[in-house]
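S.K.: Model the full assembly from the supplied sequences, consistent with the hints where possible.
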Amino acid sequence: MENKTLFDKIWDAHVIKSIPNGPDVFFIDKHFIHEVTSPVAFLNLEKRGNKVMFPERTVATPDHNVPTIDQDKTIKDQLSRMQVEKLRQNCAKHGIELHDLGTDHHGIVHVIGPELGITQPGMTIVCGDSHTSTHGAFGTIAFGIGTSEVEMVFATQCIMQAKAKKMRITVDGELGPGVSSKDIILYIISQISASGGTGYFIEYAGSAIRSLSMEARMTICNMSIEMGARGGLIAPDETTFDYLKGKDLAPKGAAWDEAVAYWKTLKTDEGATFDLEYHYNAVDIEPMITYGTNPGMGVKVKDHIPTTEGMKESVKKSYIKSLDYMGFKPGEPMKGKKIDYVFVGSCTNGRIEDLRTVANFVKGKKKADNITAWIVPGSREVEKQAIAEGLVQILEEAGFKLRQPGCSACLAMNDDKIPSGKYAVSTSNRNFEGRQGPGSRTLLASPLTVAAVAITGEITDPRDLIEELALEK
Amino acid sequence: MAYDKFDILTSRVVPLSSENVDTDQIIPARFLKATERKGFGDNLFRDWRYDSEGNPKPDFVLNDPTYEGKILLAGRNFGSGSSREHAVWAIYDYGFRCVVSSFFADIFKNNCLNIGVLPVTISPEFADELFEAVEADPATEVEVDINKQTITLLSTGKSERFDINSYKKQNMKNGFDDIDYLLNLDDEIRAFEANR
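Respectively, the protein sequence lines represent chains D and P.
So the first sequence is numbered by the working numbering: it starts at 18 and just counts up by one.
So the second sequence is numbered by the working numbering: it starts at 197 and just counts up by one.
Possibly wrong hints are sitting among the right ones.
Restraint-style ranges between C-beta atoms, simulated for each label pair [said to hold, decoys possible]: (1) D:Phe-71 to P:Asp-333: 54 to 62 Å; (2) P:Asp-255 to D:Lys-93: 34 to 42 Å; (3) D:Ala-109 to P:Gly-235: 22 to 30 Å.
Chain D residues, not near chain P, derived (Cβ > 12 Å throughout) [what the hints assert, rightly or not]: (4) Lys-90; (5) Lys-338; (6) Lys-418.
Rather than coming from a laboratory, the hints here were simulated on the basis of the structure.
Here a beta-carbon is modelled for each residue, glycine too, at the ideal position from N, C-alpha and C.
M.R.: See below:
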């Protein structure tokens, strides 16, 4: 029998038909939708007189646009309100399950899918959102699609896709103290570049990846798109099964045993080949931060911004333009730069584990006066858990306030916008120009690094504070 | 939805040499609030094109009357980031039918093909040549022929072949999208689903 990669196994099992010298007709198990990329798809579906073929395979939640305060009140922004209202109408009309604002399972679509147990190994999952790759942490093929494809999934539960090339990234060894999965992925992107994964689907493997929790694995798969890869996935294992067991929509009883038996087959066979492989050592990875305007422009927090030495002229032009936007110069150290805002949240790092990391770190300390902090849980479930675990109290004592769930300042479609020219160290996924508000300057980092910045008011290697604290004791 | 058929396009070129242009630049998130596909062209490259008061920035290429045309010549890794199809709607709505680059982001390229903007990938060397030619003479014309899968710099006759799979090529030539094809597979899809 042919040796297959995990990606091959799931892909091949979902191809209804292959067009010679063309794409595959690819079946989608689960389709997530939100208010921003679905309305035109619904509109066109109706214009053509089509119906949603399998409404039970689509799940909806409003997340991109929603306010993170006063969610029980009417949304003030008229256009945002209309989009959310449209989603409600469309879901009601087409029989699609909606986790609406204020309900128990509302939240960022990529946070609630796993939380509810909708996301399960072996599935194909799409959403009109590039961070759909998050679900790959469960051993799924999950990726973002455009609105035309959202309409295709509504009408036919299929899209037309050419199979991607296969890449494996292996990270072996043990992570040092103060180093997290966000640092792993920022490190990988800094090595491969913001376009190095284009055309590939990535499998993450190795002992460092295996040692991670599901939350941490989701952070890694989430940012696969930031190197241009359509998605990334990790073979399911006991960590995956433990996470899923007992979740609302996970299989129960005999069905559970049957599912686990199948899930255990979902791994890359010995001898299966990849088009491209990278190997990294966990010991080389340290707390990371970005300094430019794409996620590939990252360095270790303790390091300096790279100089332009040896850079090709065309590359140099874009590089300098990027640093000018950030107000930085080549060769400057990262540490000590004054910061104005911190943002903890998003589908990358808005889960309970991230809030725990931040709360543990700031416990007994005080937020720096120059910092405005926005802490936004990824879902209602995360919010409830943070309250139950006493995290909210710890955060409040340190001068932070928890907002209500949504995508928030990650893309600043709602009112959570970083003002022009201000610096934000953010747990989110993109440092593009204006991403967090027109003129905003974003530096991406792990929740721990963001917590350290919130306390000192400047770029800080969290390990420096951990060492200081250890010395004080 | 159906779009205008693509055949042979001969046009002047608008050059935008920046690398890694992400879809947040092509259309910022705050302009994604529409519930219909209307007016996106007005906000194409919004924050590069206009200042915070809404005045055109004279140094941005779309505000430079020297350049015009239906072909956008872009830098490496064009269209990275968010999957928002709105980015391609904005490009189409503004009047471009073809984007030329030495490297496209994956989802962006797919979205282009789905709504009738032809993404043409060329070698980095030819891209440099095109940028230089357009800079030297903004009236430079380029011909994109989907039948022969060629792109030609008309002033020199230099030509390169580009890839497009035959299925998508037929779609572009006829103004079809995938739904037309998928709807015909209704029985096969239902049979497949029943076994899952």
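S.K.: Evaluate each hint against the coordinates.
M.R.: Do the hints match the structure? See the list:
Roughly 55 Å separates the CB atoms of D:Phe-71 and P:Asp-333, a value that falls within the hinted 54 to 62 Å. Distance hint check for P:Asp-255 and D:Lys-93: the Cβ-Cβ separation is about 36 Å, which falls inside the suggested range of 34 to 42 Å. One distance hint, 22 to 30 Å for the beta-carbon pair D:Ala-109 and P:Gly-235, holds here, with the actual separation near 27 Å. Residue placement check: D:Lys-90 keeps its beta carbon more than 12 Å from all beta carbons of chain P (closest about 19 Å).
At roughly 7 Å, the least C-beta separation between D:Lys-338 and chain P is not larger than 12 Å, which violates its mark as non-interface. Even its closest Cβ contact with chain P, about 24 Å, leaves D:Lys-418 beyond 12 Å, as expected for a residue assigned away from the interface.
Hint check: a violation occurs at hint 5 only; the rest are consistent with the structure.
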